[in-house]
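K.L.:
First to last, the protein sequences are chains A and B. The first sequence begins at 0 in numbering that gives the first Met the number 0 and counts up by one. The second sequence begins at 0 in numbering that gives the first Met the number 0 and counts up by one.
Chain B is faced by these chain A residues, among others (derived, beta-carbon under 8 Å):
1) M0
2) W8
3) F16
Chain B stretches covered by chain A per the calculated footprint, using a threshold of three residues with CB under 8 Å from any CB of chain A:
4) 51-57
5) 61-74
6) 129-142
7) 145-154
Because the hints were derived from the structure by calculation, they are not lab data. Backbone N, C-alpha and C fix where the C-beta goes; we use that ideal spot for every residue, glycine too.
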Amino acid sequence: MDHLLLMIWHALLVSVFFAFLWRSTTTGRRNLFVKTFLIMVVGAAALGWLMFPFP
Amino acid sequence: MTAGDSKSQKKKPAERVKDQPSEGQSRASVLLLLGSWFLPGLGHWRLGKKRRAVVFAAVVFCAFITGVLLDGEIGTPKPESPFSWLAAFACLGNGVLAIGRLVWLNGLGGLLGSFPFGLQGGGSPSAAGFAYGNTFLYTAGLMNLLTVLDVSDIARGEKD
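Using the sequences provided together with the hints, build the complete structure.
P.N.:
See the structure below:
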């Protein structure tokens with residue numbers, strides 16, 4: 000089981016969902032999708048990396 | 000605001016009565032919301048938002064199936080754990096998917112006989128994907144509940 004792939008899959012589903020829920024134009028949806036997807040994936044990776052020094 | 004504006008905002012009693020939803024309309028709205036909860040995407044489809052309906056249904060379905068495949072557990076209420084009610088609420092948000100899964104696990108007789116306590120939610124706590132599976136199941140249910148609120152907004156004309 001690949002944890003990273005599961006996180007990316009989860010981020011993808013949630014980003015698509017909120018893009019269609021909160022935006023009604025194609026451009027708006029695409030922008031929100033990219034923004035939320037990147038925040039979730041890159042943010043989770045960054046947080047994981049920051050937690051390395053802690054036991 | 001001018002005097003004309005305030006005059007135009009005041010409505011005559013007859014107009015106010017006309018604006019209020021009739022009993023048939025509110026019943027239809029309740030049915031619409033219940034249908035939207037029960038079958039993901041149905042509410043948007045009925046309101047003519049077919050593209051959104053397909054996307055929402057696909058997202059909720061994919062998240063739910065992923066959760067089940069990862070050995071996630073459908074949240075069921077447990078008397079000793081108050082937070083289990085929150086998990087049950089989130090999972091029941093999946094509508095027919097959650098109910099179908101519970102029927103699959105407990106049988107129809109078992110579901111009705113041991114409701115609400117004593118239901119089997121499936122999943123395997125020792126499985127590597129148990130926590131991930133639960134997350135997918137909760138997320139799917141909560142997303143479907145958000146679509147119900149969205150349907151309510153669209154039906155009331157507060158959103159396109």
